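Visitor: Top line first, the protein sequences correspond to chains A and B. Sequential numbering from 31 applies to the first sequence in our numbering. Sequential numbering from 31 applies to the second sequence in our numbering.
Each hint should be verified, as a subset may be incorrect.
From the structure, some residues in chain A lie toward chain B, with a derived Cβ separation under 10 Å [said to hold, decoys possible]:
| id | residue |
| --- | --- |
| 1 | 94 |
| 2 | 96 |
| 3 | 157 |
| 4 | 244 |
| 5 | 306 |
For the record, the hints were derived by calculation from the structure and aren't laboratory data. Quick caveat, the model's predicted, so the values are computed rather than measured. C-beta atoms are modelled at their ideal positions from N, C-alpha and C, and glycine is treated no differently.
2 protein chains.
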Amino acid sequence: MADAPKANAVVSQSGGPTGVINASLVGVIEEAKKHPEIKTLYGAIHAVSGIVKEDFIDLSKVSNDTLDIVAASPSSALGSSRDKPNAEYCQKILDVFKKQDIRYFFYIGGNDSANTCFIINNMARDAGYDLRAFHVPKTIDNDLLVTDHCPGFGTAAKFVACALMGDDLDNRALPGIKVDCIMGRHAGFLTAAAALGRKSEIDGPHLVYFPERPVSMEQILSDVIKVYEKIGRCVIATSEGISDTDGVTWAQKVTQTDEHDAHGNVQLSGTGALADYLAMRIRAKLKVKRVRADTFGYLQRSFAGLQSSVDAAEARNCGAEAVKLAMTNQSGSVAIKRLATGKDYKAELFRTDLANVAEKTKHMPDEFINEAGNGITDAFIEYALPLTGGLPKTAYLGK
Amino acid sequence: MADAPKANAVVSQSGGPTGVINASLVGVIEEAKKHPEIKTLYGAIHAVSGIVKEDFIDLSKVSNDTLDIVAASPSSALGSSRDKPNAEYCQKILDVFKKQDIRYFFYIGGNDSANTCFIINNMARDAGYDLRAFHVPKTIDNDLLVTDHCPGFGTAAKFVACALMGDDLDNRALPGIKVDCIMGRHAGFLTAAAALGRKSEIDGPHLVYFPERPVSMEQILSDVIKVYEKIGRCVIATSEGISDTDGVTWAQKVTQTDEHDAHGNVQLSGTGALADYLAMRIRAKLKVKRVRADTFGYLQRSFAGLQSSVDAAEARNCGAEAVKLAMTNQSGSVAIKRLATGKDYKAELFRTDLANVAEKTKHMPDEFINEAGNGITDAFIEYALPLTGGLPKTAYLGK
């Protein structure tokens, strides 16, 4: 193929923010400075919507000190967008690229972003325009194909694991039943991370429910009773995306329910609805007074000062790798290959075709979910624990 | 007064856990080892309920390595209780103390725990039994009298500030309206901490609502519209304990619940109802599509691996100070006096009478709340920021 063209580049960030998507951005910025082929690196504000509006900032003017702070900051420092460009939208993007002599496009996002790269790259090729379109992976859901895991997941997993470690100690101190509702509509990786801090059978979460395993309310209640009768308390981690055995999500059923709680109220229309509903059903069934529910919400993806060191480093490297790859390849998505796991965890990066990642969703493999469908396996711990960069030690003295 | 008696001691932890109540416990354990007057230091499991059941563990047998891990762990390592002992209950406690030759009682908790200490100490005095009853302060609400601030608050404040720093960056990336509901039924200190990470007027939270300032729904909606029209987004931090102008809490109006805990408090935690209701009202009024709500719940008081260094050190010192004071005083509560603030923050500990703390509640002083009742003042930042041990730096590159 042709030598890398001397031209401008644009980077932007798409979809839901993560704790390390800015580390990937900084990786792109730092690496771009090393390549004279890249004249000016622009940041597009609010993703593709900023590109079509030519809403750019010159990222070469940002100081190294600021870059380090940006890399450590959660959320998307260039702003984000939920736009999912169609062919017409992508044509506008390409028009801007031509107008601004932009021939490098680095897009940090999930499978939709990979698809945007894919469409634009095909359009450019058909138009005979030398564009290098690279996708840099980002999700907290860990639901991208090809890559061993996804930057953003390790940091969110650390947050969720630390939350459950604390919440389980809280539940030990004041025993009862606790429901924690965790992000992830289609993939259960992040919910599974709730159990990464468990040290023994009596540590919570005692039950974990995934989108990959439909579960009836009767089954959940029966599971909870079993745990409660055995140890006098129960901590439940559930994905927001769990569904009933008929395949309809519980969240959907809950928000359309006519059922009333013990006080005759329906309060099931908001974000806390699923967790509150589960708590209500458990309270009604078990006659246990102390039943509580929390929905972790956006804290899971944007919490200042909490990064997995492993995740942050990998995210930065993925950004840099995209720039390196663009010097010799037309397009691609950066992916991670695990070389060793456990304490010796080690990984390397490689390029995969955009088509392998675009619009595709990875789910939890069966080997990560226990037979009963209400807990994780050792294989998942081996897979996910290194990505958190290690969890804090905790201790409990009571019985 | 008489020399400190050679006898056994008991320590326990009461009420809602915090991120540093275990640091206070370890402070008591470490200091007790230095005083030969204390024969055996027992830990009572699940607070007063463990004392009457003589459910004790010998804390001298816990290794120093484990103690360091305990001190860094959230929640109450000895277990907790919501029991609020009456005279009869306290008499049973005193009977156990006599039976077990316990003459030192260290109780880590809030104003109810100070009151328990107060009652038992009076009973012992009337019975001519030389007991040294000391209260070690603990709350995330920061609502104890006399002390400048309360161990537990700084760590919870750090959590809430970091959460809002992240959430505000998230809201910048994907603009809309966000409601965050924060713990604190009667005192607004923790909700006020939501604004500690603000660096400029455009940083959120843009509106903060406290239990100390009743507010109508019309006022909230009008405030939100003003901010949204000005900057195109709005982040709101509200206490779970805010009330309408008629003095009835909004949470009560929203849920119409009659569930009370043992202390007669309406149960607000563990439900997303208030935040969801506010989001619903804002969505209906402003016709803005992107309105979201989160209720932080128990993560605020029990999150593994997140302590304020200042708070953790002070909590440990407070535990140790209680033991030192017990050598020369009959009873008391440990309190903190601030000697210098800002970067030079410095404090010392002193003893105050149990009666000064027992059952009393401190509220946010007027000087910490802005004139409109929807934000904090610089005086609050000066007061609270040092207690967080410092907040992470963050940056945003977009506009």
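Visitor: Indicate, hint by hint, whether the structure satisfies it.
Guide: Now the hints, each set against the structure:
{"no.": "1", "hint": "94", "verdict": "violated (12 Å)"}
{"no.": "2", "hint": "96", "verdict": "holds (6 Å)"}
{"no.": "3", "hint": "157", "verdict": "violated (30 Å)"}
{"no.": "4", "hint": "244", "verdict": "violated (24 Å)"}
{"no.": "5", "hint": "306", "verdict": "holds (6 Å)"}
Checked against the numbered hints above, the structure violates hints 1, 3 and 4; every other hint is satisfied.
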